[in-house]
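Given the structure of chain R, go ahead and fit chain U onto it with the hints provided.
One line per chain: the protein sequences are R and U, in this order.
When the letters of the first sequence are read in order and numbered with numbering that gives the first Met the number 0, they come out as residues 0 to 386.
When the letters of the second sequence are read in order and numbered with numbering that gives the first Met the number 0, they come out as residues 0 to 293.
Quick caveat, the hints were computed from the structure, so don't treat them as lab data.
Every residue, glycine too, gets a C-beta built ideally from N, C-alpha and C.
Fair warning: there could be bad hints in the mix.
Output of the computed footprint for chain U on chain R, the stretches with three or more beta carbons under 8 Å from beta carbons of chain U [stated by the list, open to error]:
#	segment
1	48-56
2	76-84
3	223-235
4	259-269
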Amino acid sequence: MSMSKGGMPIPGDYFTMGNFACVEGAILAGCRLYAGYPITPSSEIFERASVRFPQVGGNAIEMEDELGSMAALVGGSFAGAKVMTATSGPGFSLMMENIGLAYMMEAPCVLVNVQRAGPSTGVPTLVGQGDMMQAKWGSHGDLETIAYSPSSVQEFFDLTIQAFNSAEKFRTPVFVMADQVVGMMWEKLHIPPAEEIEVVDRQVMEPASKLDKEHPLFDYARDFLPMPIAGMGSRVNVDSLTHDSRGYPSTDHDVSEILNRHLMGKIKNHEKEIWRWEESNLDDAEVAVVSYGSAARSALAAVKNARAKGIKAGLLRLITPWPFPDEIVEKLSRKVSGLVVAEVNYGQMIHPVRENSRCPVVGANWAPGALIEPRAIVDAMQAVVAE
Amino acid sequence: MISPQVKTGGPVVKVQHHVNDEVIRPERLPNIWCPGCGIGIVVGAYVRAIQKSPIARDRQISISGIGCTGRVSGYLNLDSYHTTHGRAIAFATGMAVARPELEITVIAGDGDLGVIGGNHLIHAARRNVDLNVIMVNNFNYGMTGGQHGGTTPLGAKTHTSPYGNVETPFNIPYLVAAAGASFVARWTAMHVRQVTAAISRMMEVKGFAFMEVLSPCPPTFGEFNGYPDPLDMMNYFKDKAVVDNNADLSGIGVTTHPEDSVVVGNFVDRKRPSYQELLGDLRARVSAQGGAKK
Numbered sequence: 000m001s002m003s004k005g006g007m008p009i010p011g012d013y014f015t016m017g018n019f020a021c022v023e024g025a026i027l028a029g030c031r032l033y034a035g036y037p038i039t040p041s042s043e044i045f046e047r048a049s050v051r052f053p054q055v056g057g058n059a060i061e062m063e064d065e066l067g068s069m070a071a072l073v074g075g076s077f078a079g080a081k082v083m084t085a086t087s088g089p090g091f092s093l094m095m096e097n098i099g100l101a102y103m104m105e106a107p108c109v110l111v112n113v114q115r116a117g118p119s120t121g122v123p124t125l126v127g128q129g130d131m132m133q134a135k136w137g138s139h140g141d142l143e144t145i146a147y148s149p150s151s152v153q154e155f156f157d158l159t160i161q162a163f164n165s166a167e168k169f170r171t172p173v174f175v176m177a178d179q180v181v182g183m184m185w186e187k188l189h190i191p192p193a194e195e196i197e198v199v200d201r202q203v204m205e206p207a208s209k210l211d212k213e214h215p216l217f218d219y220a221r222d223f224l225p226m227p228i229a230g231m232g233s234r235v236n237v238d239s240l241t242h243d244s245r246g247y248p249s250t251d252h253d254v255s256e257i258l259n260r261h262l263m264g265k266i267k268n269h270e271k272e273i274w275r276w277e278e279s280n281l282d283d284a285e286v287a288v289v290s291y292g293s294a295a296r297s298a299l300a301a302v303k304n305a306r307a308k309g310i311k312a313g314l315l316r317l318i319t320p321w322p323f324p325d326e327i328v329e330k331l332s333r334k335v336s337g338l339v340v341a342e343v344n345y346g347q348m349i350h351p352v353r354e355n356s357r358c359p360v361v362g363a364n365w366a367p368g369a370l371i372e373p374r375a376i377v378d379a380m381q382a383v384v385a386e
Numbered sequence: 000m001i002s003p004q005v006k007t008g009g010p011v012v013k014v015q016h017h018v019n020d021e022v023i024r025p026e027r028l029p030n031i032w033c034p035g036c037g038i039g040i041v042v043g044a045y046v047r048a049i050q051k052s053p054i055a056r057d058r059q060i061s062i063s064g065i066g067c068t069g070r071v072s073g074y075l076n077l078d079s080y081h082t083t084h085g086r087a088i089a090f091a092t093g094m095a096v097a098r099p100e101l102e103i104t105v106i107a108g109d110g111d112l113g114v115i116g117g118n119h120l121i122h123a124a125r126r127n128v129d130l131n132v133i134m135v136n137n138f139n140y141g142m143t144g145g146q147h148g149g150t151t152p153l154g155a156k157t158h159t160s161p162y163g164n165v166e167t168p169f170n171i172p173y174l175v176a177a178a179g180a181s182f183v184a185r186w187t188a189m190h191v192r193q194v195t196a197a198i199s200r201m202m203e204v205k206g207f208a209f210m211e212v213l214s215p216c217p218p219t220f221g222e223f224n225g226y227p228d229p230l231d232m233m234n235y236f237k238d239k240a241v242v243d244n245n246a247d248l249s250g251i252g253v254t255t256h257p258e259d260s261v262v263v264g265n266f267v268d269r270k271r272p273s274y275q276e277l278l279g280d281l282r283a284r285v286s287a288q289g290g291a292k293k
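So that you can see chain R by itself, here it is in the shape it has in the complex:
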């Protein structure tokens, strides 16, 4: 059954693929420019965007590499468009340069990373969660990051819309850290009526003639600033260099400090409203698993299996790995006797979990290109309880 009949997504229930659901979510969020470069296992997103975006008056363009596609997103964002790309590890590495540009220029944009296995070219067709730290620390300099991690086809759709809303509100690049399993899985998708979907649009700066000359162009004391859009007469210099309240480059220490604090603060000061997580069986839990993305599906099965064995287990699923919900983890760590961090990598999100925990923390890690098995997570639970 067609989800669109060649136009806007039609509300209803469908059986579809995660990568397709992502595109329908993006269209409903208002995205009309996709700039990409094909890469497994994200290519269905580009392919579907190439069919769907022109149907709704948008463009899906292919750039010469991921350096170019990320740069094109920032340019498109300053033209007023909601913009996105999708990639996987090697492409994500190439995008780091202009992710920094989007952060510095405060350009809303959405990057979907359908993570695959291993370093370098790795195993393109198999699952991994090895880019979680790169999302936070990959681009040079200090960056605050917003990232969502979907565990199902439905959530891939929902969180893509949420990612656009956060990008527009916070004027920053936002990541959807999916993975090969969630991207290529077929499941039920419910598309709600458009009027039930919240869509956030950026604030736009006035033309230069209407701006108060006495007021700083960029008032960095405020977290949310209107965005100058090209061609609307705001006549603003937008700079990748550290810049002052007029947008001009500066090496002044105070200028640096004000800008850096603004860029981090606008996210950090609102992290509690960004945090999203899901709790399962935590009320009486003595041991808890912290997991996210497709690995959280194994973790949920592990919790059920452990309970069948008499272990009081629960699950904290991180929907926003970044900004890291430190208080939520800290509170949980005071309640249980041990935490297991289950991820399809060799230990990444375990670091902020451990940093914020008051109980023993062990990792359940297996990343040869397959989902971690529930049995391995149960073993880790038994090990941490024994500590």
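Just chain U, lined up with the frame of chain R:
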């Protein structure tokens, strides 16, 4: 070194208002460029072309990469963008696709556009993205203190080619023409009127319009290569420039050898559909077919 003999020949007059002031940001002066640099001359030409253009000022957009020429956009009273090294054309492509009514000019250096951004340059020319691209070629990486790059002549000395450059430089007009651009020109900082006229034409051209402007760089290139004085390379351009609009582009590589000529001109000016036009046609076709793929 800059020769103390160079004099303006008249009393120093402080200008309160300059005719270019409405297009530049006077509060940002003085600029960062060295005495004898050709970039300011190109900016002057760009400003005059904007003033002459019938295109609304608010639709004129300036985008730069990183480096000496990368600083141009920040001095212009337009919507201006100082992006990342090499990526100005890719940034501009995204903007141009999202808002085709903008008149976007990318102005950046040879290392930026022709080397680190070389892939974006050839593919934007191939797609024929409707952009104006002005590449100021000073034969070296000037901002970082003078290192050799993809346009440094064979044998030229820089801090990273102290025994003479062993790399054959790119002939960039030839490259961009071969890739498919609608318009390709080369002039020098000596050819102020021709540069201005070419920019005006580039604003009219539908499709990728590219101009290389050869520029002196006395402190980090000229100093080590026989053109130490600000006027030395200008005199070289004056003496050795040959205008040939119909030149065989395969033979117009620049050597900077004092005996070799420098071929300049408006080499290519042809009609090809622009990327934005083709994308617009595609959207119209899809809309007319109700979203069908046929």
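Each hint, compared with the structure:
| no. | hint | verdict |
| --- | --- | --- |
| 1 | 48-56 | holds (count 4) |
| 2 | 76-84 | holds (count 6) |
| 3 | 223-235 | holds (count 8) |
| 4 | 259-269 | violated (count 0) |
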